[in-house]
Structure formats: structure tokens, C-alpha cells
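J.: With the hints as a guide, dock the two chains, each given alone in a separate frame, to form the complex.
So the protein lines, in turn, are chains E and W. Just so we're aligned, residue 1 is where the first sequence starts under this note's numbering, counting upward by one. Just so we're aligned, residue 1001 is where the second sequence starts under this note's numbering, counting upward by one.
It cannot be assumed that every hint is accurate.
With a straight-line cut-off of 35 Å between C-alpha atoms, the simulated DSBU-like cross-links for lysine-lysine are [stated by the list, open to error]:
#1 W:Lys-1023 / W:Lys-1097
#2 E:Lys-48 / W:Lys-1143
#3 E:Lys-105 / W:Lys-1097
#4 W:Lys-1035 / E:Lys-48
#5 E:Lys-55 / E:Lys-3
#6 E:Lys-3 / W:Lys-1048
Just so you know, these hints were derived from the structure itself, not from any lab.
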Amino acid sequence: MSKIKIKFKIVTPEKIAYEDEIDQVTVPTEDGEITILGRHAPLVSILKPGEMIIKKDKETIFLAVSTGFIEVQPESQVYILADTAERAEEIDLKKAEEARLRAKKLLEEKQDMADIDFARLQAVLNREMIRLKVAQKYRKINK
Amino acid sequence: MPGISKAIKNRIKSVGSTKKITKAMELVAAAKMRKAIISSLSSRFYAKHAWDLLKNLAKEEHLKHPLLINVKTEKELLIVISSNRGLCGGYNVNIAKTTIQYILKNKNKKIDLIIVGRKGEIISRKMKNKIIASFVEFSDDLKIKEISSLTQLVISEFTKKQYHKISVIYTDFISSIKYEPKIKILLPINKEIFIDVIDEKIIEKEIKIKKAKPLIIFEPNEESVLDLILPRLTEVQIYQALLEANASEHSARMLAMKNASDNAENMIKELMLYYNQARQSGITQEIAEISSGAQSLIDI
Chain E
1 MSKIKIKFKI VTPEKIAYED EIDQVTVPTE DGEITILGRH APLVSILKPG EMIIKKDKET
61 IFLAVSTGFI EVQPESQVYI LADTAERAEE IDLKKAEEAR LRAKKLLEEK QDMADIDFAR
121 LQAVLNREMI RLKVAQKYRK INK
Chain W
1001 MPGISKAIKN RIKSVGSTKK ITKAMELVAA AKMRKAIISS LSSRFYAKHA WDLLKNLAKE
1061 EHLKHPLLIN VKTEKELLIV ISSNRGLCGG YNVNIAKTTI QYILKNKNKK IDLIIVGRKG
1121 EIISRKMKNK IIASFVEFSD DLKIKEISSL TQLVISEFTK KQYHKISVIY TDFISSIKYE
1181 PKIKILLPIN KEIFIDVIDE KIIEKEIKIK KAKPLIIFEP NEESVLDLIL PRLTEVQIYQ
1241 ALLEANASEH SARMLAMKNA SDNAENMIKE LMLYYNQARQ SGITQEIAEI SSGAQSLIDI
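Here chain W stands alone, though its shape is the one from the complex (with noise of 0.2 Å):
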């Protein structure tokens, strides 16, 4: 049966060719994810300190800042970070779960979006939430630099009273097989703020110890102090969440890739099992054919 077999054997090579693809793509994400993990992991220690930093101001009760203050309205703010490119499993699809639950959950409320990453915009489609912006230019290679459109949005939008809260949802990374979506508050910088969004992984322990501690000194003075010290810090928790977000996409890229390797590894033997049944199916039948043949030629 050459015809069989034909097809069999030109599948064993378009399988063979696509697994070298997603091999090559698994080699890629890997690199990707190595860089990617150690730049957010060396910024988690600068994102810790900063958050101490604002965890003891916010401490101090009596200031005064805009960024600190409660504001009454109902409307929410949620940052959505996905990734620009798919083929990296559940992913981005966990985020729009995360999402959409997290929209459901607040029905009360009026919540409005900003995405990052082209894969966010699957939300839109299925939520009729007001997108106020949608950043798709952020690289793999992220500097703080490129971030400040977004941080700049956040905080004006912020400052204006549009909202009284603005969160994060975003990937964390946790190992390199594991990361989940999380929901982080960013602003209003308060109390009952840190209680549900200190970073678990660093500092538990820290915010149990509680010590009666002297007035901070401001200098030059408290508000030029604040007005500089809260966006900035701001801007370096947005910073990290894209830098988690972006080393859990890897990971999960390289994960998805690896086992469509793995597949068409499976792939490939199953075919060329069947391959080979197909080959000796038409060996048998050509012996059959040529002796019975021989067979007549006797009998006559």
C-alpha cells in the first residue's frame, strides 16, 4: 500500500517540522525567562524596600497627600497586564478569568480597565467595562523609563478623584512552574490597604511588629518630600508587577511549548508505528500476490 504509507510519511515529517518550531520557541522563552526572572528579582529587593518605606508612612497618620486620602466615589480602577503575544498556555486566559470574576464580583461598583498587552483586549469583548487606556509597546527588555506614561495616567486619574481605588492584577511569579494571577491594591496608599496587600513572600512577619516610633523627619519638608517620595513609589510597584508578569509569560511559554514538543514526540512514534504496520501490511501482501502467482504457474 505505497499510498498509505505515502501520506503516513509525509505527516511524520510536517509533525517532525512543527516540533522543531515549538522546540526552537521552548529554547527562546527559556532564555527570555532566565533574563526575565533575574530582573525581577533583583528590583523585588527595591520593590520591598519602597514598600516599606511606604508601609512606615502610611503609619503616620497625620499626613496629608493626596495619594494617602480616601475618596468617595464608587468607581474603580483595575490594570490588567497580559501579554502582546499568545501561544503561552493559560496564561493570558487565567488573567481575563481573574478579571472578569473580580468585575462580577463588584457588580455594584463601576469599574473601568486599562490594559497592557494585545491578549487583554479578549475582556473587552466579553465585558462591557469602559477601557480608559490600552498600552500594547512595553518590551520584553522593560525599563522603568517606559513605564511613566502609565504611571503618570494611574496617578492623575487618581489625583482628579476619578476613583477611589486602583488596583493591579497581574501574573506572580513564583517559581518557574508556578504562578498565579494576583490582585494588588495601588492607591489609595492606607492602612487597611497594606493589611490586604502586603507581599506575603517577604515580609509576613514584619507588619506583626508594631513599635511606638518618633515622628519621621521630613526634609526639606514634608510635602515636597511626599510629592516626589508616593508616585515614585507607585511607579516601582507597577514596575514590579510587569516584571513578574513578564517572567511568569515566559515560563508559561516555555511550559506550553515544551509539551507540544513533548506531543509531537508522541506524535511521531505513534506514526511511524502505524508506519511501519502499514509497510510490512504491503510486503505481506506482495509476497502473497507473487506466490500465488508462482502457485498458478505450477498448477498449470
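If we strip away everything but chain E, and leave its shape as in the complex, we get (with noise of 0.2 Å):
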């Protein structure tokens, strides 16, 4: 029996990262790590940055996202509205690991901020530390 494909799309502010007819879609989510397939029940989640994992036939795509939603519409229709996302094999892995000491950085210096900058700051340090988990993950796979 053949799976029912769904019909997924990334959309993030900048462009739309990645569309396709897909088998299973696997998004960190708030209450945890959630897997959808196709005939999915409609449903509006808030995204955790995390690793993303997109398995089409037998290929399997790892991405890095950041907060976002997802929604998933009747009919296998799995949209994700995130701020950032970024298949694995594009993130520059120097580029991630110097963002994310630059915002460690940061984050040490600043201590007695406001909190509102000190949550945007951890907010990007943890996007940094997955983009590197998902890379190093990823081409730890593939080597």
C-alpha cells in the first residue's frame, strides 16, 4: 500500500524554504516532538526551535527551525509559518559555532539586563545551538 503524501510547505518572513510532497514530517513542538502523516486531524501548534525531520520515499531531509507555527489542514495540508529554517547542509557550521559564542558572549556580559533583551538573547542563543546540532548531526550521517 502506498502512503498518502502530504502536502507540506515551509514559509518563513523571507521566502518559502522547502516544498514537497512528503510521506511524514516530524516538528519539535511546545509538548514535545510530534510525527504527522497524511489524513492528519486539523490542528494549530506553536514550533520549539529544534531539528526538523522530513521523510520523502527514501530520502530523509534534516532542517534547523525556530519558533513558528504549524498548522495542519484537512486534506494532508501541513503548512509551517517559522522564522527561520534552514536545511541542514546549508548552515555554515564556522558561521553557526561564531554565532553562537558571539551570543554566549552576550549573554554572560549582560546579565543584569532587561529582561526582555535577555530573552531575546537566549532565544538566539538556543536557535544557534540547534543549527549546529542539526548540521553537525547531519553530516556526521553523512560522511
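T.: Written out as C-alpha cells, the structure is:
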């Protein structure tokens, strides 16, 4: 029996990051990871920065996503509205590491600053760590 | 007549250097426009999907959230998006005109304003509406983070139940030669509003297709999802309006500067003609003087 394909789209404010018909997708949400297959019930949930795994035929695609939303519409359509989404192979490891260190340093320097700034920096640090993790994992698999 | 031809020559020079400036501004505006168009087009998809999501949520009538519910006051809030700099043709004038028309049409309501861009302040000179905030620091290369101050203000004003409707007036970018002022309702998010603000360009048909849908599941729960999604999607709509306005501004400026350069070119041509005429008449006169002088010598 062939699987039901999902019409899948990741949209970020800059571009459509990914668009394809896929078999299944695993996304990190506030409540933990969820995997969506075809004919999922309508669902709206909040994305957490993390790693998204898309399975298409025999191919597995890794992406690093940051905060956003996932919307599952009837008839196997899945939309993700994310602030950023990058394919693992697009992430420049060196740059990601630099960005993480920079964010961490800023965070350490400014322990006493306003809550909002602090929260924002923490979010940046989180995102950079996820990017690094996803990229490293992908490279390990493909070696 | 060396005096006149000298004056004309100076004039040609000054028009020529003005033309150089307007030409340069045209090129700069063209480059900026290209960038602005790319960013507004690319985020249009995001805005469209965000809008779709809002639309789907608005269909669920049982949902209760402060941003979804009508408030009973007679006050309205308008966000007017104009530019910081001038020299862009009728761009700011059109925005001001639309705003003033809207205010006059809704005289019975009390309308407050939020102004984006320095040039929007001309409205305050003509109308007596209260301006609750003015934003002038948005850059050309706008990032969504920059507008959080504006979004937070809008949302907090609405949740304080100050206004029953919040709309935005911006210039919608249709193509690089066509753009027009548009009024879009931002809040509250409910059915009636969708009917008049739906983005005709992309989703005209979709509203007609209404199917019975199973209830949407919210994870972790309805309240926290809506708390996060609604402000965020409102922000996206404001962001998109700003991007469209930015693209329109640059193309308006490009067009205005192109017209200015063309006019300068015509002016130079005309002045050149006068200059040659003056030069020619000067020569003719000199010859006449010489020949009459020679004639008088022969006569003696």
C-alpha cells in the first residue's frame, strides 16, 4: 500500500524555505516532538526551535527551525510558518559556531539587563545551538 | 550679444548638473526599489499563509480571545504609513489625502492616529486628530524585529479596549508603475473584517469555498496557542504593509526622478536652441557692423 502524501510547505518571512510532497514529518512543538502522517486531523500548534525531520520516499531531510507555528489542514496539507528554517547542508558550521559563541558572550556580559533583551538573546543562543546540532548530525550521517 | 549667451550658457550648466543629480537619485531609487520589491514579494507568501491561518481561526466561532472580539466604543485607530524623505512625487500626498478623506467620511467617530514616517506629519497640520505615536526610525531594509515597538503598542491599545477597530493605511504595491493607497483592517480579527480586507490579489476565490470542517485541535491548549499566534500574525500583517509601502515609495521616487531628468533634458535642448539663436544673431550683428564700417570707409 502506498502511503498518503502530505502537501508540505515551510514559509519564512524571507522565502518559501521548502515545498514538496512528502511522506511524513517530525516537528518539535511546545509539548514535545510530533510526527505527522497523511490525513492528520486539523491541528494548530506552536513550534519550538529544534530539528525537523522530513521523510520523502527513501530520502531523509534535516532542517533547523526556530520559533513559529504549524498548521495542519484537512486533506493532508501541512503548513509551517517559521521565523527561520534552514536545511542542514546549508548551514555553515563555522559561522554557526561563531554566532553561538557571540550570543553566549553577550548573554554572560549582560546578566543584569532588561528581561526582554535577555529573553531575546537567550532565544538567539538557543537557535544557534540547534542549528549547530542539526548541521553536525547531518554531517556525521553523511560521512 | 555676449551677455545674453553667457547667461544662457550658465543656465544650461546649472540645469545639466541638476539633471545629473536627479539621474543619480533615479538610479539609487531603482536599485532600492528592486531590493524592496524582492523583500515584499518574498514575504507576501508568508503574509498570505498567515492570513489563511487567521481566516481559518476566525471561522471557529466558539473561540474567545481579546483580539477576536468586538469592543463597544466609538473610537478608531488609524496607522498611517508614509515615508521619511520627500522627492517621491505624489506618494505622501496621496496617503495624506486618503487619510483625510477617511477621517471626514467618519466624522461621527473619534479617530486617533499613529504615524509612520516624517512626511505623514503633514496630516497633523491639517486635521485635529490626536496622534498617539509617531515612528520615524524604520530603516529601508526593514526587519521584522524593528517593528515590535509598533506592534506592541497596537496590540496593547486594543486589549485595553480603547478602540473598536484598528486599521492601517498604506500604499499597496501593484507593479513598479502602479501603486495605490489602501485601507486594511487589522483588528479585531473576525468574520466581517475578512470580507472587506481579503487580499484580492491572491485569495479571491478561496473565501467562496466553505466546507464543513472538523474542529481544529490546539496544542498545548487553545489559549496559549491563540495568545502566541494572534499577535504574531498581526505583526506579520503590519510588516507586510510596511514592506509594500517601502516598495511603492522607492518606485514612486524613481518615477518622479525619471520625470525630472526627462524634463531637464528637454529644458537643456530648448536652452541650447536659444543659445544658438543668440549666438547667431550676435554674429549677424557683428558682420553688419563691420560691413557698414567698411562701407563708410569706401564712401569717403
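J.: Sort out whether W:Lys-1097 lies within 35 Å of E:Lys-105, counting only the CA atoms.
T.: Given pair E:Lys-105, W:Lys-1097 is violated - Cα atoms ~50 Å apart, limit 35 Å.
J.: For a C-alpha distance cap of 35 Å, please report whether W:Lys-1023 and W:Lys-1097 respect it.
T.: OK: W:Lys-1023 and W:Lys-1097 at ~29 Å, within 35 Å.
J.: Would you mind confirming whether the straight-line C-alpha gap from E:Lys-48 to W:Lys-1143 stays at or under 35 Å?
T.: 21 Å, holds
J.: Keeping to a limit of 35 Å between CA atoms, is the pair of W:Lys-1035 and E:Lys-48 held or broken?
T.: Satisfied, since the Cα-Cα distance of roughly 31 Å is no more than 35 Å.
J.: Taking 35 Å as the top limit, are the C-alpha atoms of E:Lys-3 and W:Lys-1048 close enough?
T.: Holds - the C-alpha atoms of W:Lys-1048 and E:Lys-3 are around 29 Å apart, at most 35 Å.
J.: Is the Cα-Cα distance between E:Lys-55 and E:Lys-3 35 Å or less?
T.: 12 Å, holds
Hint compliance for this structure: hint 3 alone is broken.
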